[in-house]
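Trainee: Letter by letter, the chains look like this.
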Amino acid sequence: EPEVTQTPSHQVTQMGQEVILRCVPISNHLYFYWYRQILGQKVEFLVSFYNNEISEKSEIFDDQFSVERPDGSNFTLKIRSTKLEDSAMYFCASRGDFQETQYFGPGTRLLVL
Amino acid sequence: RKEVEQDPGPFNVPEGATVAFNCTYSNSASQSFFWYRQDCRKEPKLLMSVYSSGNEDGRFTAQLNRASQYISLLIRDSKLSDSATYLCVVNKDAGNNRKLIWGLGTSLAVNP
Chain C
1 EPEVTQTPSH QVTQMGQEVI LRCVPISNHL YFYWYRQILG QKVEFLVSFY NNEISEKSEI
61 FDDQFSVERP DGSNFTLKIR STKLEDSAMY FCASRGDFQE TQYFGPGTRL LVL
Chain H
1001 RKEVEQDPGP FNVPEGATVA FNCTYSNSAS QSFFWYRQDC RKEPKLLMSV YSSGNEDGRF
1061 TAQLNRASQY ISLLIRDSKL SDSATYLCVV NKDAGNNRKL IWGLGTSLAV NP
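Listed in order, the protein sequences are those of chains C and H. According to my numbering, the first sequence is numbered sequentially starting from 1. According to my numbering, the second sequence is numbered sequentially starting from 1001.
Keep in mind that the hints are not guaranteed to be accurate.
[As the list claims (entries may be wrong)] Listed below are the simulated BS3-like cross-link pairs for lysine-lysine, each with C-alpha atoms no more than 27 Å apart in a straight line:
hint, chain 1, residue 1, chain 2, residue 2
1, C, K83, H, K1042
2, H, K1099, C, K78
3, H, K1099, C, K57
4, C, K42, H, K1045
5, C, K57, C, K83
6, C, K57, H, K1092
7, C, K42, H, K1079
8, H, K1002, C, K42
9, H, K1045, H, K1079
10, C, K57, H, K1079
11, C, K83, H, K1092
12, H, K1079, C, K78
[Stated by the list, open to error] Partial selection, computed: residues in chain H whose CB lies under 8 Å from chain C:
hint, residue
13, P1010
14, E1043
15, P1044
16, L1046
17, S1049
18, S1072
19, N1096
20, W1102
21, G1103
22, L1104
Derived by calculation from the structure, the hints in this document are not laboratory data. C-beta: ideal position from N, C-alpha, C; glycine also.
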């Protein structure tokens, strides 16, 4: 069964450093999402991406965040200058056309020190 | 009012028990509804979509009441493996975007 994959599974970084989280969505899917979950809190929408552009972003997704689909298979989330409060689990999801279900990757656990 | 509200629990039940979770949502324009299951430190996994007519999948039954903006999940004959957090999720977007709005989750522990 096709699945969404994410790398790395864990990332530890120093405050102020840039991180890139990588996702490989399911191959025929057209809609891509990033969500995050701070420990003990609810899952929060960050951004949705379709047709090579952002379709919606949340208030959390400020100028420090960017997304890219550089090569037709990867979907990346970049945090330019990490803050302590960026520590969270980051989930990538993808969805096919005319489908409701979003399929989630296993997540990247980001710890900012 | 929170966009999606759930009783966080925890619910502690013995094996074989029936347990019900409730969820309310604030936006009457919400389009589609789901229950996801999340195991500790893992990704959410879709348990079932929720339809106005109600739907059943084995031991799991989901109901939606649009007038009351209320969603429920019933688990019958609970198993140890049902122990997890159950997330009520709403999509309020009628277009293609379909961003998901999440409840905090209800924690279930099924005990032997």
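Trainee: Which of the numbered hints are not met once you compare them with the structure shown?
Mentor: 10, 11, 12, 13 and 18
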